[in-house]
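A.B. asks: Sequence:
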Amino acid sequence: MSKTTQIIDGRGIASLARNLTYLLAGRGVYFITRFIYVVILARVLGPKAYGMINYGIAWYLLFLPLTSMGLAVVLSRDVGKDQQQGNHTAALTLTLRIVSIIVATAAYLILFFFIENDPASRLLVCVFTFALIGRSLAAWTENVYTAYEVN
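Residue numbers (numbering that gives the first Met the number 0): 0 to 150.
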């Protein structure tokens, strides 16, 4: 069996360059708009309120990885092997994701309420609990979409 190497011709390089340009332009717009709204938000809220929001975000982002457990890789693998097996794995990963969300959210709330005594911080953490749940479920839907789209 001979090994053939694909050669990238002019159209392939042009396609790569165009995709890279789109990617860099999209990232550039993202970073510029994010910089602008962060500066405006920091000025409008002031250092104390803006610091509190970032404190809450940092806490929930600390627990976000606990909700994924590497299930995206398993899902992509199973969808690539067999569509039926992929459907079963998608349902199973949703169940596991919900269980991990419950455990991570409970750990998040319990740990924070033992560490923090400030009532405003506690209220903020309760609000960011919904962000933890929502972002975890959004990540699962993105994983399912990616697994089916790639395969």
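Accuracy of the hints is not assured; some may be wrong.
Said to hold, decoys possible - Calculated lysine to aspartate or glutamate pairs in the EDC-like style (CA-CA distance at most 20 Å, straight line): (1) LYS47 with ASP117; (2) LYS47 with GLU115; (3) LYS80 with GLU148.
It is worth saying that the hints were derived from the structure and are not from the lab.
A.B. asks: Taking the hints in turn, state whether each one holds.
C.D. replies: Status of the hints after comparison with the structure:
{"no.": "1", "hint": "LYS47 with ASP117", "result": "holds, 13 Å"}
{"no.": "2", "hint": "LYS47 with GLU115", "result": "holds, 16 Å"}
{"no.": "3", "hint": "LYS80 with GLU148", "result": "holds, 14 Å"}
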